[in-house]
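Visitor: Chain by chain, the residues:
6 protein chains.
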Amino acid sequence: MTDLANDYTHTDAVLVNALYEDIGNGDITTSSIIPENHVSGAVLIAKDNFILAGLPFAERTFKLVNSGLRFQAIKRDGSRLRKGAVIAKISGDTRSLLMAERVALNMLQRLSGIATLTHRFVESVKGLTVKIVDTRKTTPGVRFFEKYAVRIGGGYNHRYGLFDGVLIKDNHIAVAGGLGKAVRLARLKAHHLLKIEVEVKDIMEVKEALSAGADIIMLDNMPVDGVNKAVNVIRRKRPDIIIEASGNIKLEDVSLIATAGVDLISIGALTHSAPAADISMKMAPSEKVESRE
Amino acid sequence: MTDLANDYTHTDAVLVNALYEDIGNGDITTSSIIPENHVSGAVLIAKDNFILAGLPFAERTFKLVNSGLRFQAIKRDGSRLRKGAVIAKISGDTRSLLMAERVALNMLQRLSGIATLTHRFVESVKGLTVKIVDTRKTTPGVRFFEKYAVRIGGGYNHRYGLFDGVLIKDNHIAVAGGLGKAVRLARLKAHHLLKIEVEVKDIMEVKEALSAGADIIMLDNMPVDGVNKAVNVIRRKRPDIIIEASGNIKLEDVSLIATAGVDLISIGALTHSAPAADISMKMAPSEKVESRE
Amino acid sequence: MTDLANDYTHTDAVLVNALYEDIGNGDITTSSIIPENHVSGAVLIAKDNFILAGLPFAERTFKLVNSGLRFQAIKRDGSRLRKGAVIAKISGDTRSLLMAERVALNMLQRLSGIATLTHRFVESVKGLTVKIVDTRKTTPGVRFFEKYAVRIGGGYNHRYGLFDGVLIKDNHIAVAGGLGKAVRLARLKAHHLLKIEVEVKDIMEVKEALSAGADIIMLDNMPVDGVNKAVNVIRRKRPDIIIEASGNIKLEDVSLIATAGVDLISIGALTHSAPAADISMKMAPSEKVESRE
Amino acid sequence: MTDLANDYTHTDAVLVNALYEDIGNGDITTSSIIPENHVSGAVLIAKDNFILAGLPFAERTFKLVNSGLRFQAIKRDGSRLRKGAVIAKISGDTRSLLMAERVALNMLQRLSGIATLTHRFVESVKGLTVKIVDTRKTTPGVRFFEKYAVRIGGGYNHRYGLFDGVLIKDNHIAVAGGLGKAVRLARLKAHHLLKIEVEVKDIMEVKEALSAGADIIMLDNMPVDGVNKAVNVIRRKRPDIIIEASGNIKLEDVSLIATAGVDLISIGALTHSAPAADISMKMAPSEKVESRE
Amino acid sequence: MTDLANDYTHTDAVLVNALYEDIGNGDITTSSIIPENHVSGAVLIAKDNFILAGLPFAERTFKLVNSGLRFQAIKRDGSRLRKGAVIAKISGDTRSLLMAERVALNMLQRLSGIATLTHRFVESVKGLTVKIVDTRKTTPGVRFFEKYAVRIGGGYNHRYGLFDGVLIKDNHIAVAGGLGKAVRLARLKAHHLLKIEVEVKDIMEVKEALSAGADIIMLDNMPVDGVNKAVNVIRRKRPDIIIEASGNIKLEDVSLIATAGVDLISIGALTHSAPAADISMKMAPSEKVESRE
Amino acid sequence: MTDLANDYTHTDAVLVNALYEDIGNGDITTSSIIPENHVSGAVLIAKDNFILAGLPFAERTFKLVNSGLRFQAIKRDGSRLRKGAVIAKISGDTRSLLMAERVALNMLQRLSGIATLTHRFVESVKGLTVKIVDTRKTTPGVRFFEKYAVRIGGGYNHRYGLFDGVLIKDNHIAVAGGLGKAVRLARLKAHHLLKIEVEVKDIMEVKEALSAGADIIMLDNMPVDGVNKAVNVIRRKRPDIIIEASGNIKLEDVSLIATAGVDLISIGALTHSAPAADISMKMAPSEKVESRE
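Chains A, B, C, D, E and F are the protein sequences, given in the same order.
The numbering of the first sequence is the working numbering, which starts it at 44 and goes up by one.
The numbering of the second sequence is the working numbering, which starts it at 44 and goes up by one.
The numbering of the third sequence is the working numbering, which starts it at 44 and goes up by one.
The numbering of the fourth sequence is the working numbering, which starts it at 44 and goes up by one.
The numbering of the fifth sequence is the working numbering, which starts it at 44 and goes up by one.
The numbering of the sixth sequence is the working numbering, which starts it at 44 and goes up by one.
Quick caveat, the hints were computed from the structure, so don't treat them as lab data.
Certain hints may be false.
The list makes no distinction among identical chains, and a pair is therefore deemed to hold if it is satisfied within one copy or across any two copies.
Once the Cα atoms are required to be at most 27 angstroms apart in a straight line, the calculated DSS-like pairs of lysine-lysine come out as [stated by the list, open to error]: (1) K325 <-> K250; (2) K238 <-> K212; (3) K232 <-> K212; (4) K90 <-> K132.
If we strip away everything but chain A, and leave its shape as in the complex, we get (with noise of 0.2 angstroms):
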């Protein structure tokens, strides 16, 4: 599980660096009361009803700590959790299952928070041909956890960064000295495989976007109506442009604004403000074995 091609995104290296965040140079209760070598069960359990997201990480956190702990996945990822499903059994070593324990709910009950919270504005447009993506407001360190999260949740994710797509905003234009201007700049330097996509306010600049020759409209923060229009302006021209809509759209107005015909709704709320699940470890304690080796 260490091999590149399951870490290339440099998720252990977020766990073990939260791992030691958290037990700095070394678990002083743990180590003074629970013997070396002394074995335990532990489960998993759900203390809500939510979206599970991130087993794999939680089992991942533990086996950093300890690749000798044994842990059965009870539920998997995209499960809906009723209050007291039991998710997960982990056993073996107990020093290493209470070191592990806090870093390994912390992430389970962000992301399966985030899961949730994606899949009711999913709900919200189901039957609906639009897609709810995720956005680049997402906690420091973690987007890629994030952004698996809003996966599980039935959700679609945008660009990762700055670094694999090209979005213009009224700042790129003002400084460009016009949106075509814009457009015909990334055109240019940009690598021939990306996309362009414009954001506009208002239906002038999807007119100008429309002329700009760009691949991708985002509609931001416009009004229901307004979107409506844009929709239709966009379509009636370029019936093959993707139109996303943009803009702290609430959970009431998500499925109106998707009715409108745009392809793809992006909700920043997703990963910044999505409440944690609750989630706790109960162990129990088995007994003592004579040696770890």
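Knowing the structure of chain A, use the given hints to seat chains B, C, D, E and F on it.
Guide: Same frame as chain A, now just chains B, C, D, E and F:
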């Protein structure tokens, strides 16, 4: 600012890592469209009411991208902001402003969200001697920042991690074969500068903790009247013992718990479920300058 | 110059690593013979005709060894140099000059070699609209530098790596069970800001790519008349599609391929087989100074 | 293979770094199209005649991506390959094969190119006692690999860097105030296990080096008859001294220089101007398997 | 053994760093003379009488160089060894044995030296309840190992560093404006799980510390009768306070200080002035084997 | 001072690592009690007689914590100090002074201890041409510093590690199948800038080393008369060979060994058993300043 005296908490490493996470090997849009050496001014603006937290980290983020950027703080951490308030003015190289923007805002929005929620809890127990404290339920990798935000919101910090405090929980007690034995082991093995805190769930355990000579007793998940009773039992025997209440305590219940006479109330939600504050950067492009040097 | 705005591509790390590779735990010869605080002047001189590339990295190498060295560029990247031309003047601490020399020259010689070869290809297609582009066939660890040298030579860059562009090859198609299915999967899973390029080897595959809706078609290892025919087929059906020719294209053949009307010609040799330019550092020792400070 | 005994030269770090350079945060094409757990077989094939070098590093690259891949070497480093020769067979997880391919090939092509060029020099002096040696003119960051390829081609290595040998050049002599003084200083300050080599450019300097007691004399950029004369002068006085010829020595001149009786001929071009060998990977997809585990 | 549960103290990093410090880019002697795949047996032998400490780290050093080496401990940490005693038997790849030897011995000799000196102090206070504790006067970078050796010798550890304990010294008191104020500030700002220790140099300060409510009092550099008096003053008022004696206490004085009734005596010399134990590795070469694999 | 020219030995990394080892995530005592922006003056004082070594590293430690601290050296490395001597004056931010103190002193005390012991050996052979040299028996991770201290004490350095010198020992000879064969292999495989040293234990081996053509002979663990005899045998045959005596040579025996006519005497105790010098920092708090900037 990179001297170890200013960064023994590795905050620079976290910010730089977050910048690489977002920028990867380059901001394609910006480097295609914005000319080298173009300069602009920008402002950070509150789009909501909240308690500001994290401004020094936002400033540091801009400086890490380009130490030549000028950053003028208009507000300071702890300020209560109204929607529309200008938080800071930044100016300099336009490319750098755009590359730093998202990470600076992501950190600022998260920390302000935490400070704002903490402040609501603190306000709820105003006039009482109790302290609102955080937990280890933080986002992996950014605990230092989140604990900072709790202090800005008027809260206090519990131990940082497993390495700088002894907190004996049910699992430790079960393995040790009794609360008294667990306390004795911790007293023997942990160095003499550390106090011993014990988590208890009912009056029987309170009594055990008292006779074991615990320095601090944490009442975990007890109902309000349980807390009341426990406080009375403890105060009668050992008035010097520190009492902490813990376990999913809601904003609406916190003052009742506080009134029972505990010294500390710890709240996981401060760091795991605070919704982000809404902040944005607006730019005012200025004219081109001849050369960066 | 160490701000992230100037080093998001980690070039400093590569240069520092190369310096340690050469210097290890000290330049024994220099530290035995050259007194501390001795200062000298030196020049970088072309010993051949070539296109200069990499001067900012050579300067950065000297500065990383000793930020007090003065580096005055006489030529600039992209200049056509004649044998004997003075490229730059450097002065300061003699020990530092000698410790930085080899790494600075190694980088400069390699990048100038690449720029020179690229320039020869670019000259061969002068007047045509085709772009000469590089490939991922670069030296492990220095891709950023080599792709930079290609641009200096007048070429353009293809995608940087596997993470910022979709390029479907025969293996992908075989596993997917058909070109159409492969394009469909890429369209579904890759984020919406990415175009889909498909590599084809004959007219039949060209037609499949066209009906699958590829955004870009790469003609791989086709003879000149095959390229001609493919371009005609594509342009008739989809004039907007981008066409790339690839596969061991020699300097003597490049203009013929270009005339066929492709948009891009990619050449691996630019980065994997360019001979180094010949550059050396000559020193003119000046007198001893009292103190480095 | 990751034990320090196998990686004290940090080759794993170089390979992993190159893999991240190419893969970044994921191979979009492959992860979109190739299903998880799909397995394939592949072969590495020579598309040219050359001396093979770097196969263990190619194998290691595949294993670093996925330790479950099977790699069967058909040829070994040092083999003279004919176009079409099968170099190795690899099989296992298809995604991993595709992610490792480019880096493995880039290394293998470069090292085989160096071994092939070295071998041509070595062949040119066949039957003579002279050694062909490399220089410090290597690509930044991959010196270890390039010096390895020189050995595979039949050459020998000069000192690795500035830290494991004393080589006094004109600049050292000028600053020291004379060749004799420079040798004396080196003898005093460098530890007693190191010999002293001096670079000279004419007979006068040869004589100075002799009387200064140099252990090794490098004849730099001397014409053939100058080399002849210098060798005679040295051998007459100090038959035990090691003589090295250096400075842009071409393949066509090397045997003449060798015949003059030098012990070593050092050639920068071995590592800075060898064209890459042509190698490719061909895949033979096999059927899907149930599970990676 | 590389699981975080076994290496949260980063001991592996220290050992690997020390190995690189010694081996650099290769053991020239060994790789020139010892054939690949040659295997040998070796023993670690005591050349003096001492208390053994650090054997697991010596074993780990051999395993980090080559995980295929077999290491059989004959003695264990804490054993009292006589000159000539065999400590461990190691066998396997000869090159690896020779590359690991020096670092393994350097660590073992140093730690055994510390354990031996600690043990002499501990023996001097045998029968008394006082604990011998270490200080922060350790060798930069190896504190964890040195504090481990103290425990093996029968001593106890003081706080690990500045981050896990409060110890107020004269400088703190001077700046705070009084001992009482310093204690009050520490009580307010440090988290509630930490005790407050105060360093005092005479009876007046002892009294101030008592009334300030210090949890622990350190008698620094007091003569024996001063210690006696201070202990009496403290015990009379606050029998529960922990008393530590400190300051250049010699082996010949330690039992006198102990008899005064202090709880702890801290000794800097344990870690900063213990002479190394003498240990060597003797090899018994066995025959060549066909292949390492 | 962080330029590579000043830190190619990674000393900054060692110091920073040691600072983190001590400070962890904060100096709780200092940050609780000392106000931000408080400034003080301090002096480093000798509490013993010794040779000073390591002052530049002590200064660097303070500067790494806070580059704004002023450090004025009163003494310099190599000075013979008397008890009470003021070594340096430091002033600036009080918190930074306290955070740097322990690490700076730990390094200074250790290095001064080594220089002092070395100096005693050097004094013992005063007037003779022999050099006192160190060994590889250094503390893991701080070899560079310890070898520096040996030079300050008037000693010389042996090879740094296994990578920059050839030293053939009994194990190498046994495996090679004879001393002559071992020397021949080393001569063939090690690069031509390295001499060959051979360790011998009796006259028979001395003779073998002579006929094998060793450049340097190390007399290991020989009694004084053995050394005398060996020197005579060697000098008669090969006056140019370097002779080293080694093996637990005590201070009282060193002049006798030296008189025998060896060139070098290597002493492990210099670095593994030197007691620390006693040095302390005294502070003189000055008044509060308005702002750090």
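Visitor: State whether the alpha carbon distance between K90 and K132 is at most 27 angstroms within one copy, between copies, both, or neither.
Guide: within (16 angstroms within a copy, 45 angstroms between copies)
Visitor: Check K238 against K212 for me: Cα-Cα at most 27 angstroms, and say if that holds within a copy, between copies, both or neither.
Guide: both (14 angstroms within a copy, 20 angstroms between copies)
Visitor: At 27 angstroms max between alpha carbons, let me know whether K232 reaches K212 within a copy, between copies, both or neither.
Guide: Both, since 17 angstroms and 25 angstroms are each at most 27 angstroms.
Visitor: At most 27 angstroms between C-alpha atoms: does K325 with K250 qualify within a copy, between copies, both, or neither?
Guide: The answer is between: 24 angstroms across copies meets 27 angstroms, while 59 angstroms in one copy does not.
In summary, this structure violates none of the numbered hints.
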